[in-house]
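There are 2 protein chains.
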Amino acid sequence: MDEMTRVAVDAMGGDNAPAEIVKGAVEAVNDNSKIKVYLTGREKEIERELGQYTYNKDQIEIVNATEVIETAEPPVMAIRKKKDSSIVVALNLVKNGKCDAFVSAGSSGAVLVGGQLIVGRIKGIERPPLAPLIPTETGCALLIDCGANVDARPSHLVQFAKMGSVYMESVVGIANPRVAIVNIGAEEEKGNALVKETFPMLKNCPEINFIGSIEARDIPTGYADVIVCEAFAGNIILKLYEGVGATLIKKVKAGMMTSLRSKIGALLVKPALKQTLKGFSLDEYGGAPLLGLNGLVVKTHGSSRAVEIKNSILQCVTFKEQKINQKIKDKVILKDE
Amino acid sequence: MDEMTRVAVDAMGGDNAPAEIVKGAVEAVNDNSKIKVYLTGREKEIERELGQYTYNKDQIEIVNATEVIETAEPPVMAIRKKKDSSIVVALNLVKNGKCDAFVSAGSSGAVLVGGQLIVGRIKGIERPPLAPLIPTETGCALLIDCGANVDARPSHLVQFAKMGSVYMESVVGIANPRVAIVNIGAEEEKGNALVKETFPMLKNCPEINFIGSIEARDIPTGYADVIVCEAFAGNIILKLYEGVGATLIKKVKAGMMTSLRSKIGALLVKPALKQTLKGFSLDEYGGAPLLGLNGLVVKTHGSSRAVEIKNSILQCVTFKEQKINQKIKDKVILKDE
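Protein chains in written order, with numbering that gives the first Met the number 0: chain G, 0 to 336; chain S, 0 to 336.
Misleading hints may appear alongside valid ones.
Repeated chains share a single entry, so a pair holds when one copy, or any two copies, can fit it.
Here are the computed lysine-lysine pairs in the DSSO-like style, where the Cα-Cα straight-line distance is at most 30 Å [claimed, not checked]: (1) K277 with K238; (2) K22 with K82; (3) K252 with K277; (4) K122 with K97; (5) K269 with K238; (6) K238 with K189; (7) K195 with K330; (8) K238 with K202; (9) K122 with K189; (10) K94 with K189; (11) K330 with K122; (12) K43 with K80; (13) K80 with K189; (14) K328 with K94; (15) K97 with K330; (16) K33 with K326.
It is worth saying that the hints were derived from the structure and are not from the lab.
All chains, full assembly: derive it from the sequences and hints.
As structure tokens, then:
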């Protein structure tokens, strides 16, 4: 475990770039001396930000990249054309083995497409899923896949289940994680064509602790640790989590402002409430890994601030130390092929 | 508008049957003299419940049915075998024209399957969608389809959009309702195969006010009035709404109990908060209609209490008075075929 973890960080990606990205990188290296960060992006802008901080200069290096991929750009085209963008330059650092991992708060599409096109899939992995941790009543669960690969096949979902199990066990530290497939009823015969075909395959998987179907209603309760679904469904789940949460909290705040009595009460409950709701925030869990690539690619929320960037960088250390990709090779592929 | 609306009500369905169902029926007829309710189920049990109330005896009639379909029973089998169940007897009242509508808090599967098999689809309607109203920041939206018909085709979704528009306009009273399709991004080229194929068809539909894609995050904000999706996705959305809401409210309550200060605050905010959150509860909107049948079938939540049963019965009156099925025939089918 004496080795450095080398992380390429997209200094130009996200709503708060480069300021918060650079700040997060500084905080990460100040937290852990075994990290080296390569900040990709416009040299001058990054230098200006770095100038404000004290840190070990050996742990941060700037890699100049003159272009920036915008969120609205069609991803495949952007990755192909903008060879000198902060995302493409960073992905090439991972591809060439100069870095172990890549963290970006930039264009989701470009990160997902670029990860596959440039870093490439581990041999035998059919599709790399995007797998964020989502908060539950009892802790968190891995939602796999929320990525760009819609219309998955049953064999993809089986690999997602196995990769998700490896991740929850080794990175999050949940022994024998409970795996469930998102379905519209608890019974085995329920579901759409994809789920009906996948269910018996998961049931016959000795490598995972498959507990059956999970209805969307039970996801927030913490009923399962690894929640397997096709990316279109996963995207709906992730974004609705965010949407319903935001609306309800807005409603709670508005409700507290309706009378003088409730306003006084609001002042009293606010600190405790803030603390409790923090534990149910999607932002608390850092970035979502794109699993199954020859290297680690982590996508963090577009609105990420320094703390999320820092957490995402630190997460790369665990990923490397736990040899996740080796475990994926051992547990997901060999028994499949 | 002088005509009676005749509603068959499943007295044995749901967690609180028959007590809350019978109570809801009594409240509905006491509220509106133009309703006649036919309570189907075990005569003796229903009589005992009815005995507690004062109401116009001409407005409630018991239709004996000796069997009950349980929630866990496979629906198709249950509908075929239990000919004397409260659900099958009630559906036959609609089929034979003795009733205009059917309301049940019982087995969703049996109600959906039975509605199609017994009452039957309007000629030209490919699939009858289940379309609940869900709360949003600004009011409510119709989520269409949350039913049992997964793996829909594009033409089904187009009919859902048209039926949903008719319903929102005539029953809820939203002029020119905004129709959106659930998608994983805002751009037209995003989506799975189904959405990509359906999008241009909706765009070319002169009968509806199509506003494009809606991401799950924006559903609770009230961005659209009619939210079109395939039933598997719709089921996820409906149940996650419920799940995230329940978990967050539990968290808010727990947060308020963490200190003496917050406990005092909780006492002060509670009444105002309760009122505000009530507006964001799924239960407030009565039952979900199964649209496109030769009659109206309304499925209410399994945990329904009298108020929801009453609201669901009253909803049948609007449905009949507004001649929704005639409008569906005029606006959805004729231009299609």
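Legend entry - Same-copy or cross-copy closeness of K22 to K82 [CA-CA at most 30 Å]: within (26 Å within a copy, 70 Å between copies)
Inset, instruction - Can you give me the call for K277 and K238, within, between, both or neither, at a CA distance of at most 30 Å? - result: The answer is both: 18 Å in one copy and 23 Å across copies each meet 30 Å.
Inset, instruction - Classify it for me, K43 with K80: is the Cα-Cα distance of at most 30 Å met within a copy, between copies, both or neither? - result: within (23 Å within a copy, 77 Å between copies)
Legend entry - Copy assignment of K330 with K122, given that the CA separation must stay at most 30 Å: This pair counts as within: shortest intra-copy Cα distance 13 Å, inter-copy 53 Å.
Legend entry - 30 Å Cα threshold - placement of K94 relative to K328: For K328 and K94, only the intra-copy Cα distance (18 Å) is at most 30 Å; the inter-copy one is 59 Å.
Inset, instruction - Check K97 against K330 for me: Cα-Cα at most 30 Å, and say if that holds within a copy, between copies, both or neither. - result: within (26 Å within a copy, 62 Å between copies)
Inset, instruction - Can you give me the call for K195 and K330, within, between, both or neither, at a CA distance of at most 30 Å? - result: Answer is within; shortest intra-copy Cα gap is 24 Å, inter-copy 36 Å.
Legend entry - Within, between, both or neither: K252, K277 at alpha-carbon 30 Å: both (15 Å within a copy, 14 Å between copies)
Legend entry - Within, between, both or neither: K80, K189 at alpha-carbon 30 Å: For K80 and K189, only the inter-copy Cα distance (20 Å) is at most 30 Å; the intra-copy one is 45 Å.
Legend entry - Status of K97 relative to K122 across identical chains (alpha carbons, at most 30 Å): Within one copy only: 20 Å inside a chain, 65 Å across chains, cut-off 30 Å.
Inset, instruction - Check K238 against K189 for me: Cα-Cα at most 30 Å, and say if that holds within a copy, between copies, both or neither. - result: Both: 24 Å inside a chain and 15 Å across chains, each within 30 Å.
Legend entry - Within, between, both or neither: K269, K238 at alpha-carbon 30 Å: Intra 26 Å, inter 29 Å, cutoff 30 Å: intra and inter.
Every hint from the earlier list agrees with this structure, and none is contradicted.
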